[in-house]
Amino acid sequence: MSPDAPLQQTRVLTARWETPGADRLPGYLATGGYAALKKALAMTPDDIIGMVKEAGLRGRGGAGFPTGLKWSFIPKDRRPSYIVCNADEGEPGTFKDRELIERDPHQLIEGMAIAAYAIGCTEMYVFMRGEFSYPARVMERAIAEAYEGGFLGKNICGSGYDLDFVIHRGAGAYICGEETALLEAIEGRRGQPRLRPPFPATHGLFASPTVVNNVETFTCVPHIVNNGPDWFKTLGTEKSAGTKIFSISGDVERPGNYEVPFGTSARDLIEGFAGGVKGGKRLKAFTPGGASSTAIFGADKLDVALDWESVQAAGSLLGTGAVIVFAEDVCMVRTALRFTQFYAHESCGKCTPCREGTYWLVNALQRFEDGGGREEELEILPRVAGNILGRTFCALGDFATAPVASTVDLFADEYRAHIEKKGCPFER
Amino acid sequence: MVKLTIDGRELEVPAGTLVIRAAEQLGIYIPRFCDHPLLDPLGACRQCLVEIEGQRKQLTACTTTVSEGMVVSTQAASQAARDAQESVLEFLLVNHPLDCPMCDKGGECPLQDQTLKYGPGESRYVDAKRRFTKPIPISPLINLDRERCVLCARCTRFSSQIAGDPLIEFFERGASEQVAVFEEEPFSSAFSGNVTQICPVGALTTSTFRFRARPFDMTTTRSTCTRCASGCAIGVQARRGELVRILAAVDLDVNDEWLCDKGRFGHAYVATPERVTQPLVRKGGELVETSWSEALEVVASRVRAAREAGARIGVLGGEQLLDEDAYALSRFARTVLGTNDVDARVRVGADDEEHLFQALPKTITATNQDIDAARAVLVVGLDAHEESPIVFLRLRKAGRRLGTRVVEVGPMRTALEKSSGEWLATPAGAESAALIALACAIGGEGLDAELRAIVDDPEAISAVERAGIDTAEAARLAEVLEEARGSVVVLAGERLAGSPGALPLAWNLARALGGKFGWVPRRGGARGAVDAGLHPALLPGGRSVRWAPHREEVEQVWGSPVPEAVGRDARAILENAAETAVLFLFGADPVRDFPGITSTSAQFVVACDMFLTASVSQADVVLPAAAGTERAGTATNWEGRRRAVRAATSPAGASQADIEVLAALAAELGHDFPGTLEDLGEEMRALAAEPVEAKLLEVSSVAAPHGDAERSFGLLSYPMLIDSGTLTAGADALTSTGEAPYVVLSYADASSRGIADGTTVRVASAAGEVRAPARISKNLAPGVVFVPARQGDVNAGVLFDAGESVGFVHVEAVE
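Top line first, the protein sequences correspond to chains A and B.
Sequential numbering from 16 applies to the first sequence in our numbering.
Sequential numbering from 46 applies to the second sequence in our numbering.
So that you can see chain A by itself, here it is in the shape it has in the complex:
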């Protein structure tokens, strides 16, 4: 993007956000809604999967797994199978799925319905984050409309194909965003991750073949079906096709969701779309992909292109695309403490390193804030984080290590300042 060009979002998934009434069925239909579903129902399931593969669609929930490939793992000879939408959007700094549901719920239903037809499933679930009471109401209304309009229920769109939809509300556990913990929760058990293998593709919901995808992933599907894989590939980069909704928050002038092609730089997002650091302060650090990026970036990484490969090459993960911005006067020890408190609170307790390690780190970081930090802990804390990393049952433990490891790495002088000043030297 040249410095003079006007800031323009690439609105695909968010195209209807500006259109009043598009969250209701008539408005959705008036803007081309459910055309993709009708088109898909005339195709063979294999052709749809092939199309999604060809488009290079990758999962938007954080891991970036190729969606078409995931769908193709579903055995054709075992029924029932299930489509599950992961709407347990709990990642700190991430708020795109919420807005996708609130502003365009039918787009999600349509995307899921196409996926359901592609894998031959007749019952879909959405696992909705417990705190999402308004999105849940919107979704319920949309589901009712879709049943009424013949897009859900018996014989959808006259195709002879039956499809039901169930909303499952969560009860406030971040871990349920982990797909196997999510499945446990839908089945009525304690939300803790399951042993893999077997994987959800063969033994998912109710021990049946299951596809779990993120909200944003499903919403890409109608556009691919409508416009074709080649069109989709013109957006984004070679390996990160399409657009991405980035949630920008923290110390910026205009926080919010911005849909741009993959590969847009962090600088364009922060300084351009989000209007720069709040109050004209200098930027100290930002997360490229939410709290669960494996590393926080310093100001030197502002020009990293935000796509899967580039962020990884720069030493972190794109995750859910949540860019949290920290201005120069933010205490990075406190930042690490707040993030680590989140993980300690949300650790499900199942495995030792995550449960005990986050407890340890929180106590130590709190002690730094309270003036009890010790020099040797600049050695110990990264090692404790290292003892969690790679040894936990699921990825939550891995993510929990990043705030400590990154901040000790990038901002060791701030830790030392805490030791010297016997407490937090920052005012904010």
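Quick caveat, the hints were computed from the structure, so don't treat them as lab data.
Glycine included, C-beta positions come from ideal geometry on N, C-alpha and C.
Do not rely on the hints blindly, as some may be mistaken.
[Unchecked claim] Derived coverage of chain A by chain B (criterion: at least 3 residues anywhere in the stretch with Cβ under 8 angstroms from a Cβ of chain B; other residues may be distant):
id, stretch
1, 335-344
2, 347-361
3, 377-384
4, 403-415
[Stated by the list, open to error] The calculated lysine to any residue pairs, modelled on SDA-like cross-linking and capped at a C-alpha distance of 25 angstroms, are:
id, chain 1, residue 1, chain 2, residue 2
5, B, 463, A, 202
6, B, 102, A, 216
7, B, 102, A, 168
8, A, 437, B, 173
9, B, 823, B, 210
10, B, 463, A, 223
11, B, 162, A, 395
12, A, 316, A, 282
13, A, 254, B, 101
14, B, 823, B, 418
15, B, 823, B, 797
16, A, 436, B, 102
17, B, 174, A, 434
18, B, 442, A, 221
19, B, 174, A, 395
20, B, 174, A, 385
Since the structure of chain A is already known, use the hints to place chain B on it.
Below, chain B alone, put in the same frame as chain A:
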């Protein structure tokens, strides 16, 4: 098979084997907490991390299955694995209180042991540990200390997967995650003690062992539990000659490594003050202590006098004797007392049992392994959960592993319901009619000619109609059995004898389905008594008194004649006790156990026992018997498997093993009698039969009992696992987990009589009555009332007329 390398050593294991199990085969121990070979893999504690070539991070050996060419390095060969394991132990100790000096687990604690071996010497953690109130009793038997817990989920998995009592669960999350029980739902499970044994820390401990001993201060004797016919392997632990604790021992063929709470916690009786530890003789109406020589002399003189007068002598064993005791008693009765008036059943026997007992020692019957492999199991006349708890666990295991279908037949559906059980309801005592219905539904092709002839009999068909058996349901369940043909086990409890014809029908049905039959009696000595011929018409090895060649075989070994006439059974002996000059009771309590008997009114009663029970306190001579943990021998379990019993402590006071008592009495009477386990064992081997395939059993009658207008309810009654039995004396924590008296009614009967859950009902027969609160259950057939035999102060025995095994009673609400 899959080939892999662990620490540089190659081995081949079946596909699907976990790395941790494969390593064990090489003798390589990988430290672990959550892993347990009998529980589903979990991967929670992360202690067993190992390095696997080609993997970018360490993997848990307890969840990783082997693959061809896999190269594994454990802590013995890999610094990365050592570092990982050390870091996990450091994490585990972050919140562990390290209160080892006051922890009952100290000395046998996997956390302690593995920290010493694989952990860091010091922790780098300096902040506060989380605190919990401790310990919390989660039942009268089990204490929970959440601070010590490492959240390995062994207890929760045992309770849900193995026992089927998911009453203990994780609450909260993160470092606040904790084991807990639900509000107002205590951890009441018949298998609760197992969680303390598999807990790898001191989080779950028993109230009975609290602060009692350190493991290194105790001797452990491997033995067999004889409380029921399961025959579990146990370790009996004693400290300075005092029995302190019983643990389950590992025996994958029988009890895996589980034990019911009665077996684990019920041992206090051996040291209770009520125990009889000196011989007693009645003088001036009172039982007074005496010497063995006087006691034996008194008994011998009465026996001599009776024999000279040609008077009757009777012998009752209580189905609780060890094999050698039962054998010696059988031999003693025949050779020293010259009588066949001998019976082990202090309960109403049946003619059917003679045929069954004759066949059992000579037939290949079902084993635990047959249950493991069965596709369907028919359970009839047996409440496995209450009467043989390890058989219950075995049935659950088969259900979980193979989806084995369990079909129960009887008036009440038991806890097997939880194991996807099916149920064919019958009126009380009408199991035989249901078995006929099943056989009819299997039909001509599926049955052999003899069984077909039996069930084609018009009388048999009319029995099915009279009993009101749901023939459509019988047909559906017959299909379940038919589908499992060749892989069927039929388990029959001893109560089935109360339904005439049912025992041989069950036996024949197993045979017709190409399956195996198992007789699961209630008491630990019942099968041994059968093999010993402790029966008026039978001799050791299933030989018949009625047949001269059989008698001769036995006479040859005994070197002494065997009385020719078939003797009187327990019922005949007890109902005509006054005719009996001398009655011997060996661990038998007919006053409590035999319907309608209120006194042992024989002319002279000799009791060999541990307690002054209702019967023993009426005896003229009491000979103190050693407890099962105080002497050696063997016990034969329901499978016919003979298992070693070993002495863990010395006999209390002057008590002696029954075999020693019998040998001494025989000597006093001038008989040469084998008195050692070796001598008895040699004879028993000589008389043992080589088992062969099952032959058809004769079915003499299939009559189903029925009541009348006044007493219309069929009475079902048997003892629960935890009741007011003699051998739980002193085990107060255990008995307090038993239930208060209650009676069970079906929904249909309760609603037609205006009886609600908790309403006090009166159950009355001509003989007596019982009052207890009602429980309304969907698992009881209409027209039946279930009264647990001995809960609290209720003894259901008062409802039976003398010699009745199925009674009919009147039921009404009392206000």
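Outcome of the hint check:
1. 335-344: violated (count 0)
2. 347-361: holds (count 3)
3. 377-384: It holds: at least three residues are needed, and the stretch 377-384 of chain A offers 3 whose Cβ sits within less than 8 angstroms of chain B.
4. 403-415: Since 4 is at least three, the answer is holds.
5. 463(B) x 202(A): holds (19 angstroms)
6. 102(B) x 216(A): holds (24 angstroms)
7. 102(B) x 168(A): Violated, at roughly 46 angstroms.
8. 437(A) x 173(B): At roughly 19 angstroms apart (the allowed maximum being 25 angstroms), residue 173(B) and residue 437(A) satisfy the hint.
9. 823(B) x 210(B): Answer holds: residue 823(B) to residue 210(B) is near 19 angstroms, not above 25 angstroms.
10. 463(B) x 223(A): Holds, at about 23 angstroms.
11. 162(B) x 395(A): holds (23 angstroms)
12. 316(A) x 282(A): Answer holds: residue 316(A) to residue 282(A) is near 9 angstroms, not above 25 angstroms.
13. 254(A) x 101(B): holds (24 angstroms)
14. 823(B) x 418(B): Not satisfied, since the Cα-Cα distance of roughly 30 angstroms exceeds 25 angstroms.
15. 823(B) x 797(B): holds (14 angstroms)
16. 436(A) x 102(B): Answer violated: residue 436(A) to residue 102(B) is near 39 angstroms, above 25 angstroms.
17. 174(B) x 434(A): Holds, because 23 angstroms separates the two Cα atoms, which is no more than 25 angstroms.
18. 442(B) x 221(A): holds (21 angstroms)
19. 174(B) x 395(A): Satisfied, since the Cα-Cα distance of roughly 18 angstroms is no more than 25 angstroms.
20. 174(B) x 385(A): holds (18 angstroms)
Figure legend: structure checked against the earlier numbered hints; hints not met, in rising order: 1, 7, 14, 16.
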